[in-house]
Structure formats: structure tokens, C-alpha cells
Amino acid sequence: MPASDPGLYEYSPIIDRPKLTWPNDARVAFWVAPNIEFYEFQPVANPTRKAWPRTQPDILAYSHRDYGNRVGVWRMMEVMDRHGVRGSVSLNVAVCDHHPEIIEACLDRKWEFFSHGIYNTRYTYGMDEAQERAMIEDALETVRKHTGQRLAGWLSPALTNTERTQDLLAEYGIKYSCDFMHDDQPFPLKVKTGRLISVPYSLEMNDIIVYNTHLASPRDYGQLLKAQFDQLYAEGAESGRVMCVPLHPFMIGQPHRLQPFAEALEYITAHDKVWVTTGAEIADWYYAHHYAEVVSYLAKRSDGR
Amino acid sequence: MTLPSEYLRYPRRRAGMDHDRYDWSILFRRPRLEWPGGARVALWVVPSIEWFPLDMPGTPFRPPGGLDRPYPDYWNYTLRDYGSRVGIFRVMKVLDGFGVRATAAVNAGACQRYPFVIDEAKNRGWEFIAHGLDMGHLHHSGLSREDEGRLIHGALETVRRATGQPVRGWLSPANSESLHTPDLVAEHGVDYICDWVNDDLPYPMRVASGTLYSLPYSHEISDTTIIWQYHHSAAEFALQVRDQFDLLYREAEKYGGRILSISLHAWIIGQPHRIRALERALDYVTRRAGVWPATGSEILAAFKAQQR
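Residue numbers (my numbering), protein chains in the order written: chain P, 1 to 305; chain H, 306 to 613.
Take the hints with a grain of salt, since some may be wrong.
[Claimed, not checked] Now the stretches of chain H that chain P is said to cover, found in silico as 3 or more residues with beta-carbon under 8 Å: (1) 414 to 421; (2) 478 to 484; (3) 551 to 557; (4) 582 to 590.
None of these hints come from the bench; they were simulated from the model. A quick note: this is a predicted structure, and the numbers were derived from the prediction, not measured. Glycine is no exception: its CB is placed at the ideal position from the N, C-alpha and C atoms.
All chains, please: the whole structure from these sequences, using the hints.
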């Protein structure tokens with residue numbers, strides 16, 4: 001039976017919570033999440049969602065995405081290097097097999113990997129529990145084998161979930177989930193076993209959404225990144241905020257889109273009270289300093305205080 | 306719910322691509338490409354000269370610019386036709402002003418309907434590449450190899466006859482292909498194809514008869530994408546062309562020759578209120594030293610001469 005509420009978190013107004021602090025009194029934890037993806041040429045069909053807008057092979061859409069790996073990701077890395085920003089990679093783990101050169105370049109830069117499923121053309125929709133476990137185990141093992149990292153984060157492939165996804169992630173020891181757009185701070189999730197938090201990802205700052213849904217120009221995108229940052233930086237004086245910039249190398253890595261992004265990174269990283277970090281570092285800090293306090297605050301609140 | 310077990314099997318999960326059409330290759334790890342005269346950026350302008358038939362089927366999908374109002378859709382049909390009656394001559398005049406010979410992607414149907422335009426382009430030394438039969442005939446996996454072969458044969462024959470050129474390039478309507486399109490166009494004497502938008506430089510593709518080259522037709526720096534799909538202004542179009550060029554020009558110094566590829570459609574960019582934006586963009590680009598205006602075949606020849 002479909003539920004009317006995800007049932008995964010409490011309603012909690014952001015102005016009525018314990019104060020969130022970041023290392024060195026930073027106001028904003030700033031992280032950049034490049035989606036390094038592989039879209040299959042001829043994927044197996046999922047009954048809930050078509051993989052490609054046109055008939056298969058959809059060589060226009062396929063080759064446009066392939067541009068990200070051949071060309072775009074390398075330009076994006078160069079810009080991030082220049083501004084001292086390490087990426088937290090939302091990784092289709094099959095990229096480890098297809099394009100190990102990209103994984104190696106990320107490792108050289110001490111970037112973090114979190115999982116974005118196996119391929120961006122294999123959706124979680126319709127999986128039974130055993131299948132979903134197999135996908136998570138595959139992701140854990142592939143990332144361990146190719147990077148030596150233990151997966152800490154998860155963004156469901158193409159943001160496709162089942163109702164059990166978050167419980168399974170917690171059971172497998174994943175620390176944070178990016179599937180939630182409900183907040184500007186990390187927040188505890190209600191899972192059956194273990195612990196899990198949401199770390200703010202963003203559709204509003206997501207290059208694909210901004211360009212292709214909101215039809216922004218490259219320069220508009222640079223301006224809107226700065227506007228988002230300015231507002232969060234001001235609010236962060238009272239209680240810490242998170243700003244995530246989710247990217248897709250096939251979009252941001254196009255020549256005409258690169259410079260406004262570079263200027264926004266330069267602007268943001270020039271502020272003192274910004275913690276330029278990764279998803280896992282945000283999660284670790286939150287667990288170490290805030291998780292217990294927030295959980296107990298929420299429990300007291302539900303007792304009626 | 307459960308999915309078939311093949312949903313979690315990945316037979317093509319391996320090093321490189323998940324098909325055999327071309328090899329995986331990182332742009333920044335290739336040998337430097339040198340353009341004639343030591344140019345940094347080749348300027349490749351590709352206007353499409355198209356015909357959108359009034360009764361076009363819109364299947365298996367509607368191509369960009371395809372007629373989308375109830376039949377008879379004079380609104381869209383005549384607006385597309387504006388390109389070949391009026392807009393294209395503005396585009397020609399602007400390109401003439403900068404000494405740019407374009408590479409025109411022409412539908413066979415446009416050759417038959419607009420021979421005047423073909424002659425004007427020919428007189429300017431433009432190159433012609435074939436752009437299928439017309440915008441109502443898409444290449445897709447629902448076509449049999451034989452039917453698609455006939456479509457390609459017919460389109461190439463018409464374009465070759467109308468232009469008097471060998472016609473070595475191909476752009477499928479709407480950049481849409483079946484699994485066989487590259488093999489079929491190569492069998493019909495085509496050397497380069499412009500449908501794949503995964504690179505900034507030419508690269509070789511594997512076809513049944515040997516090698517076909519992909520040339521980087523631009524899906525992004527295109528009046529269709531920027532003005533018609535993103536609804537950006539003509540001024541924005543000009544700005545994005547400039548930004549594209551500036552980055553490529555800088556990159557070329559370190560990594561070797563690049564291509565500024567600009568896709569045009571006269572029914573969009575050839576409107577009176579937009580045409581000056583194209584002029585301003587080209588003025589900016591062609592003022593710089595080291596810009597080589599070239600046609601598709603010239604770019605391909607320079608590229609091939611440097612391949613081992």
C-alpha cells in the first residue's frame with residue numbers, strides 16, 4: 001500500500017533546533033558532488049521508467065552523456081583543483097570497470113566516492129529485497145576493490161527508491177543518504193536498524209535541473225550559485241548550513257559553461273567562514289557532535305516538553 | 306514486485322565502452338593536433354537546410370523543430386520555410402562578410418525544393434553534407450537494414466546530383482540513428498558522420514567496411530538548442546558562442562588544435578532581430594589570430610594526415 005508520508009523523518013522547523021556548529025566556526029559546509037556516471041547504450045528495460053527519451057539506441061542522448069567522461073570531467077577537475085575543492089563523487093560504480101582512468105584521477109586528488117548505483121540506466125524501481133541487497137553489495141564491493149574506500153554515502157541511481165532503500169543502507173553501514181531535499185542541515189533518518197542521516201544534496205543547485213528544467217544560461221547558473229551561498233552564509237551565523245553543488249560533467253564540462261562555474265567557486269572559497277569539505281566529512285562531524293543531541297531534542301519534543 | 310534476473314546482470318560491464326562502435330579515449334591524453342598555419346581553433350559553421358513536410362509523421366518521435374500542431378500546421382510549416390526563402394540569405398551574407406565557407410547539412414527534399422539555395426551555397430564554395438531525405442524520415446531501430454539502406458542511398462544520390470559534390474559527410478535528421486546507420490552511410494561512400502556529440506575533436510569509428518570518422522557537430526552551440534529549446538535570447542546565443550570560443554582558444558595553447566562548431570538553422574538565427582547576434586559572435590571569433598575557418602572535409606583531411 002502506498003503511504004501518504006515517507007515516514008523517514010520528523011517534521012522539525014529549522015529555527016527550532018539545537019545550534020549546528022562546524023569546524024573552526026564555519027557557517028557553511030560547502031561540498032561539490034560530481035555525478036560520474038555511465039549510461040548504457042542498450043540497457044535492459046525497467047517497467048517503471050524508460051531509460052532513454054527516444055527509441056534505443058538513442059545515440060544523441062548517449063553520446064551527450066559520454067562527453068562527460070571523454071571530455072567534461074577533466075575540465076571540471078581542473079577548475080576544482082584550482083580552487084582547492086575536493087569532489088564527493090556520486091558514482092555509478094560500473095565506471096570503475098569502464099573508465100578506471102577517471103577513478104584514478106579522483107583518487108590522486110583524494111576525492112571521496114559515494115554510490116549512485118551500478119549504472120544510471122538501472123533503476124531501483126521494482127526491485128525485490130534480494131535484488132536491492134545485491135545492488136548495494138555490488139556497490140560496496142566495487143568501490144572497496146577499486147578505491148580502497150568504504151562507501152559512506154548513497155544517492156539512489158537516477159534518484160529511484162523503494163520504501164526499503166533507506167533501511168537497507170543503514171543495515172549495510174552506509175552513513176548518509178542524499179535522497180532527501182527537505183533541509184539545509186543534515187538530519188537523522190528513522191531506520192529499522194542502525195543509524196542513517198540525510199546530508200543535503202540539491203536539485204535546485206543541480207546543473208542538469210538548472211539548465212534543462214529551469215532553462216538557465218551558463219552565466220545565470222554562476223549567479224544563482226553565488227546567491228544560494230550568500231543567503232546560507234548569512235543564516236549560518238546563527239546555525240550552520242550545508243550547501244551542495246551537484247554536477248554532471250557532460251553539462252558543466254561544456255566549454256561555454258565552465259567559466260561561470262569557476263567564478264562561483266572562486267567567490268565561495270574566498271570567504272573565511274566556509275568549510276570546504278566532502279559528504280563523508282560532513283556526516284562524520286554530524287555524528288560526532290550533533291546526532292545524539294538532535295535525537296534527544298526530538299524525543300523530548302515529542303514527549304510534549 | 307520483482308524484476309527479471311537479467312536486470313542485475315551486466316554482460317557489457319568491462320573496460321572501455323559498452324559497445325564496439327568506437328574506443329574509449331580521453332581528449333586530454335591524445336597527441337596534440339596541429340591545424341594548418343598553426344591555427345588554434347578551426348571554425349566550423351554548419352547551417353542545416355531542411356524540409357519539414359506538412360504531413361510529417363512525428364514517429365517514432367518528433368524531431369526538434371518538428372511540426373506539433375494539428376494538421377494542417379501552417380504555423381510551423383511556414384515558419385520553417387521562412388528559413389529557406391528569407392533567413393538563409395541573411396546567414397550567407399553574414400558568413401560572406403567573415404570569409405567563412407559553411408558546411409551545409411541538406412535534406413534531399415530541400416535540394417529538390419530549393420535549388421536556388423543550393424546554387425547560392427555552391428557559388429560560395431560551401432561544402433554539402435547529406436542530412437537524410439527530409440525531417441519526416443528519421444533513422445531509428447524500427448527500420449529494417451534494407452529499408453534504411455534505400456533511404457540513405459536515395460538521399461545521397463539526390464544531394465550528390467543537386468550539388469555536383471562527392472558528399473563525404475552525413476548528419477542524420479535529429480541526430481538519430483539505428484544500430485546500422487554508420488555502417489550504411491560508410492558503404493555509400495561517406496567518410497564522416499556528425500550525429501555523435503561526445504567529443505570536441507574527430508575520432509575514428511568502426512564500421513563494417515573499415516573506418517568512418519565522427520566530427521563534432523555541436524548539439525550545445527546551436528541556435529536550436531540555445532534559442533529554440535532553452536528560450537535564451539539572441540544576445541545570449543552570441544555570448545555563449547564567445548564563452549565557448551574563449552575556453553577552446555585557451556585550451557588549444559596547451560593541448561593542441563580545437564574546433565569551434567556552430568550549428569545554425571536559418572528559420573531561427575536568420576530572423577531579422579537575431580541575425581546581428583550571429584554577426585557579433587563571428588566578429589569576436591574571427592578577430593583573433595589563429596582561427597581557421599574550415600569545412601568538414603578540410604578539418605577531416607587535416608586530422609587524418611596526423612593519424613598514425
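Structure-based check of all given hints:
no.: 1; hint: 414 to 421; result: violated (count 0)
no.: 2; hint: 478 to 484; result: holds (count 6)
no.: 3; hint: 551 to 557; result: holds (count 4)
no.: 4; hint: 582 to 590; result: violated (count 0)
In this structure, the earlier hints numbered 1, 4 are contradicted, and the remaining ones agree with it.
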